[in-house]
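Asker: Read off the chains here:
Protein chains: 2
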Amino acid sequence: MTQPAISDIAAPEAEPARAGNRPGVGGRVGMVGAGQLARMTHQAAIALGIRLTVLAVSEDEPAVLAGARCLTGSPDSLEDLAALATECEVVTFDHEGVDPAHLEALEEQGVRIAPPAAAKLLAQDKLHARRTLSELGFPVPDFAAVVSIGEFEQFAAMHGWPVVAKAPRGGYDGRGVWIVESRDQARQVIEAARGEALLLEPMLEIEREIAVIVARSTVGEKALYPVVETVQRDAMCREILAPAPIEAALAGEAGRMALEMADAIGSTGVMAVELFVTPDGLIVNELALRPHNSGHWSIEGCVTSQFEQHLRAVLGLPLGSTALTSPSVATVNVVGTESGDPESRLAGALAIDGAHVHLYGKESRPGRKLGHVTVCGDEPGPTRRAARAAAQALEGMAA
Amino acid sequence: MTQPAISDIAAPEAEPARAGNRPGVGGRVGMVGAGQLARMTHQAAIALGIRLTVLAVSEDEPAVLAGARCLTGSPDSLEDLAALATECEVVTFDHEGVDPAHLEALEEQGVRIAPPAAAKLLAQDKLHARRTLSELGFPVPDFAAVVSIGEFEQFAAMHGWPVVAKAPRGGYDGRGVWIVESRDQARQVIEAARGEALLLEPMLEIEREIAVIVARSTVGEKALYPVVETVQRDAMCREILAPAPIEAALAGEAGRMALEMADAIGSTGVMAVELFVTPDGLIVNELALRPHNSGHWSIEGCVTSQFEQHLRAVLGLPLGSTALTSPSVATVNVVGTESGDPESRLAGALAIDGAHVHLYGKESRPGRKLGHVTVCGDEPGPTRRAARAAAQALEGMAA
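Order-wise, the sequence lines are chains A and B.
In case it helps, the numbering used here puts the first sequence at residues 26 to 424.
In case it helps, the numbering used here puts the second sequence at residues 26 to 424.
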């Protein structure tokens with residue numbers, strides 16, 4: 026029971042006066058961008074007592090609505106990036122849309138960037154990534170950089186139609202990627218690119234898409250997450266299944282590759298490596314040097330979420346356990362439909378047992394990622410079905 | 026792989042323009058108070074897309090530092106409480122320090138309060154709670170309300186010294202509670218109370234303290250959390266062990282009692298029932314009609330945290346699963362010492378495998394709750410030791 030000394034006797038005390046001084050913070054992190062990744066990083070930062078400041082284009086972005094400290098400005102402005110840097114010990118990223126030259130300029134000014142500009146460029150420029158990873162000996166698709174229809178046809182002659190053409194910079198969720206079936210279509214793509222080089226790749230025979238997240242801290246500590254399967258629909262990742270239903274040897278290979286890659290390119294923070302499983306083995310598709318959709322499941326599905334891990338890593342704090350919290354975890358993205366905001370349909374999703382709902386506070390538009398649902402379970406089938414049902418409820422779709 | 030139609034061909038697209046309109050919200054909740062409970066409720070609200078607005082005395086309170094929408098004002102001001110009510114669908118609480126008359130006045134104005142004023146009073150006034158719960162047939166200690174030394178002595182004559190004296194209102198963490206050993210000490214307590222009634226109870230033989238959290242929604246749905254043991258030191262809860270190491274029959278009895286009590290008093294939201302295990306069975310100690318320290322372990326230790334559950338309950342949304350996520354969960358509070366802010370010692374705590382650190386952003390003062398650490402594990406012993414070690418690291422104490 027209670028054990029106060031009798032000398033404590035006094036009239037009932039009022040709530041103690043609130044402290045006027047600002048408390049300590051466990052670190053000051055700046056994040057370029059204020060989307061859902063910044064929003065979920067903010068949630069993790071609150072628990073750790075870390076102060077996150079986001080550079081937001083506007084104050085209705087997801088992280089700002091969730092209450093992250095906000096500097097309004099543009100990721101295209103070196104001045105705004107420098108202003109963010111003065112607020113924090115280290116600058117990191119919610120997206121890839123920052124001019125690599127600005128990042129180099131910041132580094133020259135002594136700003137700590139995680140990941141460093143040179144590593145970040147591998148997520149910003151697909152052509153640079155293909156060349157670098159190929160030189161480092163990682164398996165990438167055959168590729169070529171082309172600017173003319175002649176070069177395009179030469180590639181098609183060698184690898185056959187269709188050809189996959191990609192804008193080296195600026196694409197995401199299938200934007201900036203075209204399946205080119207013929208010479209006529211190739212000409213259209215070349216014209217649309219207006220003299221910019223296009224990255225060409227053969228159409229691969231893909232058995233499955235998997236992803237693996239690796240964290241590497243600023244002091245070189247690494248932590249590997251279980252390999253997941255990512256299920257795409259309409260060129261967008263819709264479902265993430267952890268662990269990936271693949272052979273242990275293949276998962277082990279993917280994990281080793283990610284660990285080696287993190288060291289080889291000197292990444293800091295969390296990095297997602299997206300891979301194709303093909304009849305010829307694993308092929309690296311894309312890198313994201315930041316928290317990634319394929320790691321959202323880790324919020325409930327791992328001991329340490331990718332968001333907390335990213336904060337630990339960029340601040341050089343010890344990394345946390347990446348062990349699964351349950352045998353099977355499924356995350357299903359909530360994508361905008363014509364039927365309004367998912368927030369109005371919260372009850373339907375919460376009625377599903379074990380559904381962890383994450384909404385990003387974004388205005389609903391068809392095809393836009395508005396949130397996700399994670400379910401942790403014992404068996405992959407029921408786990409996935411429950412997560413799907415909750416996501417469909419939020420989307421206003423019949424389950 | 027990617028499947029965009031060829032008709033999508035265009036120059037690489039820029040990031041889509043951000044929406045200018047405010048997105049929908051899954052509910053608008055107002056919380057009186059902005060301490061750590063409001064802070065952790067805010068974290069849960071972010072995921073659900075629920076808009077939490079706190080009534081804060083100052084802008085350096087934990088929930089405001091975490092970015093909750095904030096109305097600055099006093100819980101003692103009916104005007105400020107009414108202003109909060111206009112911001113939201115339902116008003117709920119981070120603490121007990123609100124004038125019950127104000128809550129009744131708000132209800133008369135048609136404001137939805139969760140829990141209702143009449144139920145909340147059971148957490149605000151210990152004497153009222155003893156009387157009400159006794160009338161309802163729940164086991165409470167023998168008690169008396171006294172204002173004079175004569176009445177005090179009469180109680181001591183009947184039950185023996187020492188006597189436990191409590192201020193009916195305003196106490197917490199052992200404040201407002203005195204162990205009175207003698208007539209002289211009784212006189213001091215009576216004088217200090219300045220004519221206010223004191224609640225007297227016999228000194229009970231306590232084998233163990235346990236707590237159980239029950240959620241009851243505004244539509245009457247209930248969810249019961251596993252019973253926990255709460256370990257006190259210096260009259261403050263220091264450790265929470267889930268599930269409580271007690272016989273299943275006793276845990277079952279505590280759970281049934283909490284469920285019956287929630288219905289009997291008409292609580293809405295989360296309620297914590299603190300109980301003594303005595304040689305004569307269970308005795309109800311105190312109620313908290315809000316998220317409670319004894320439920321912090323549920324953030325990682327249960328499928329649905331008490332904070333998310335509270336939001337669901339006060340908004341009438343379906344309640345979530347209260348199943349354990351691991352066989353054993355331990356939470357250890359981080360209490361201020363003379364050695365500065367725990368934020369400066371984050372690395373030591375994060376080095377401990379599985380330690381989930383929660384810091385509240387409060388200025389460090391000796392004896393003040395500044396945070397907590399939760400560890401989920403297979404066995405109670407190692408789980409508790411790991412949580413303790415991490416908390417001690419944050420406190421700057423040798424493990």
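Treat each hint with caution, since some may be false.
Copies of the same chain look alike in the list, so a pair counts if it fits in one copy or across any two.
Said to hold, decoys possible - Calculated lysine to any residue pairs in the SDA-like style (CA-CA distance at most 20 Å, straight line):
id: 1; residue 1: K247; residue 2: D378
id: 2; residue 1: K247; residue 2: A143
id: 3; residue 1: K394; residue 2: E176
id: 4; residue 1: K247; residue 2: G373
id: 5; residue 1: K247; residue 2: M282
id: 6; residue 1: K394; residue 2: P251
id: 7; residue 1: K394; residue 2: S346
id: 8; residue 1: K247; residue 2: A372
id: 9; residue 1: K247; residue 2: A110
id: 10; residue 1: K247; residue 2: P193
id: 11; residue 1: K247; residue 2: T347
id: 12; residue 1: K394; residue 2: R208
id: 13; residue 1: K394; residue 2: E299
id: 14; residue 1: K247; residue 2: G220
id: 15; residue 1: K394; residue 2: E84
These are calculated hints, taken from the structure and not from any lab test.
Asker: From the Cα coordinates, with 20 Å as the cut-off, is the pair K247 and G220 best called within, between, both, or neither?
Answerer: Classified as neither: same-chain Cα gap 41 Å, cross-chain 64 Å, threshold 20 Å.
Asker: Please work out whether the CA atoms of K394 and E299 approach to 20 Å or closer within one copy, between two copies, in both situations, or in neither?
Answerer: Intra 19 Å, inter 43 Å, cutoff 20 Å: intra-copy only.
Asker: Pop the pair K247 and M282 into one bin, within, between, both or neither, using alpha-carbon distances up to 20 Å.
Answerer: within (13 Å within a copy, 48 Å between copies)
Asker: Using 20 Å as the alpha-carbon threshold, which applies to K247 and P193: within, between, both, or neither?
Answerer: So K247 and P193 fail the 20 Å test inside a copy (29 Å) and across (54 Å) alike.
Asker: How do K247 and A143 come out at 20 Å by Cα distance, when the copy is not named: within, between, both, or neither?
Answerer: Within one copy, since 19 Å is at most 20 Å while 54 Å is not.
Asker: Treating 20 Å as the Cα threshold, decide for K247 and A372: within, between, both or neither.
Answerer: Cα proximity of K247 and A372: across copies only (16 Å, versus 40 Å in one copy).
Asker: Between K247 and A110, at a C-alpha cutoff of 20 Å, which is it: within one copy, between copies, both, or neither?
Answerer: Neither: 25 Å inside a copy, 48 Å across copies.
Asker: Given identical chains, is K394 near E84, meaning Cα to Cα at most 20 Å, within a copy, between copies, both, or neither?
Answerer: within (19 Å within a copy, 33 Å between copies)
Asker: Treating 20 Å as the Cα threshold, decide for K394 and R208: within, between, both or neither.
Answerer: neither (34 Å within a copy, 70 Å between copies)
Asker: How would you classify K247 and T347 at a CA-CA limit of 20 Å: within, between, both, or neither?
Answerer: within (11 Å within a copy, 34 Å between copies)
Asker: With identical chains, the pair K247 and D378 could be close in the same copy or across copies; at 20 Å between alpha carbons, which is it: within, between, both, or neither?
Answerer: between (35 Å within a copy, 14 Å between copies)
Asker: Is it within a copy, between copies, both, or neither that the alpha carbon of K394 lies no farther than 20 Å from that of P251?
Answerer: neither (24 Å within a copy, 36 Å between copies)
The earlier numbered hints that this structure contradicts are 3, 6, 7, 9, 10, 12, 14.
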